[in-house]
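Using the sequences plus the hints, can you model the full thing?
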Amino acid sequence: MEAAPRPEPPRWYRWLVLVLLSLAMFGNYYVYDAVSPLADVLKSQLGYSDSNIGMLNAIYSIPNVIMVLIGGVIIDRIGTRKSTLLFGVLCFLGAALTASSGSFPVMAAGRLVFGLGAESLIVAVTTALAAWFRGKELSFAFGVNLTIARLGSFAALNSPTWAKGLYEQWQGPLLLAVAAAGFCILGAGAYWVLEIRGARMYDLGQAGPTDKVAWSDLGKFSRSYWWVVALCITFYSAIFPFQTFAVKFFQEAHHTTREQGGFLSSMLTMFAMIATPLFGLLVDRVGRRSLFMMFGSLLLVPVFLIMAYSHVSLYVPMAMMGVAFSLIPAVMWPSVAYIVEQAKLGTAYGLMTMIQNIGLAGFNLLIGWANDASGASPANPDGYRLGMWIFSVLGLLGFLFAWLLRSAETGPHAHGLETIRAGSAGSGS
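Just so you know, numbering that gives the first Met the number 0 puts the end of the sequence shown at 428, numbered straight through with nothing missing.
Don't read these hints as lab results, they were simulated from the structure.
Straight-line distance between alpha carbons at most 30 Å, and here's what the computed DSBU-like set of lysine-lysine pairs gives:
no.	residue 1	residue 2
1	Lys42	Lys163
2	Lys135	Lys219
3	Lys219	Lys81
4	Lys135	Lys81
Here are the computed distance ranges between Cβ atoms for each label pair:
no.	residue 1	residue 2	range
5	Ile77	Thr256	44 to 50 Å
6	Arg76	Ser43	44 to 50 Å
7	Phe294	Val392	16 to 22 Å
8	Phe294	Leu45	39 to 45 Å
9	Pro380	Val315	17 to 23 Å
10	Lys163	His254	18 to 24 Å
11	Ser309	Ser373	17 to 23 Å
12	Lys163	Leu395	35 to 41 Å
13	Ser406	Pro104	44 to 50 Å
Every residue gets a Cβ at the ideal spot worked out from N, C-alpha and C, and that includes glycine.
Listed below in structure tokens is the structure:
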């Protein structure tokens, strides 16, 4: 006699999985954003240039040009449980190495090791959530995950206020980041326990390892997938390299304090923590995903020029950017789960993140060079304008790619991005 089929995991179990995975993401995001509010201290105490500071975030991305694709294949082969813990440990070791020395090569090496784990950890968490929530409240789940993760960014960017005493010396904020990186291991370890327990009690579907991925499959993803990837690289290349220099830009071009600059930069995170789940819930109900991505991209085009050329309150452009930063990720990442089949999802997210990191590495270096070449400083705030034009062009390109995605998804080879709603079982190609 056949054994009775096991039930699906109850809703509370799925959401507990989400919270614990998001805890690992919290530590990840904190460590990444720990450099931005420290930029002027690194410059004054260690003699770093803007190019050096740009390199600290660029070198995070450089190894991920290859590593996240390998990481995606690893995730598809060994499963999300082992992957999240492996990459979480790398995040902690990288943060510890970064804080260990004021030598630029050592600090850069620490950021490199952190990057090896951090982006692959994001891919592992994204892949796990897609498996646990596919066909359910997927966009809302992604939104909640990003809200918890971005609490890490919000805490890091506002650390000059709540941990002000640590900023008297360069190492203090970085040691605080090491403590935050402990959550990468804690969250991944707790998820390990939940998945093992869940595998005994529930039908997890494809939450574990999936089929072997052939490298030839990388060229078989659909046109819609590549338009999403193109939007991803332009969008994040405008947001994160801007944040690398944002606090310093606010101090030198708009005469804010470090604390004010950190809060302004954290507005992106604050908006995203509140609005990303709401946008995810909205998209789950109405569909029209590419149309939402077009609107979010268009919002980015004017915000950098407003900051470069006007005296409008900085709260206005940062609020506009915050809406875009809430909307596009809430729609873009879960969209991939409908375009790509489950067995190739880790690789698809890994490839997408790999290409994203090419943009992050290149534009962190480019903006650092542009600021130095233009002589950006308190005495020459106009030196930041070249970088702001670069960011605006990226926003315009993002709008173009979102429009091309909408054209593909309203044609005969659509994957349902405009029509799938919560409860639908739509899948990718």
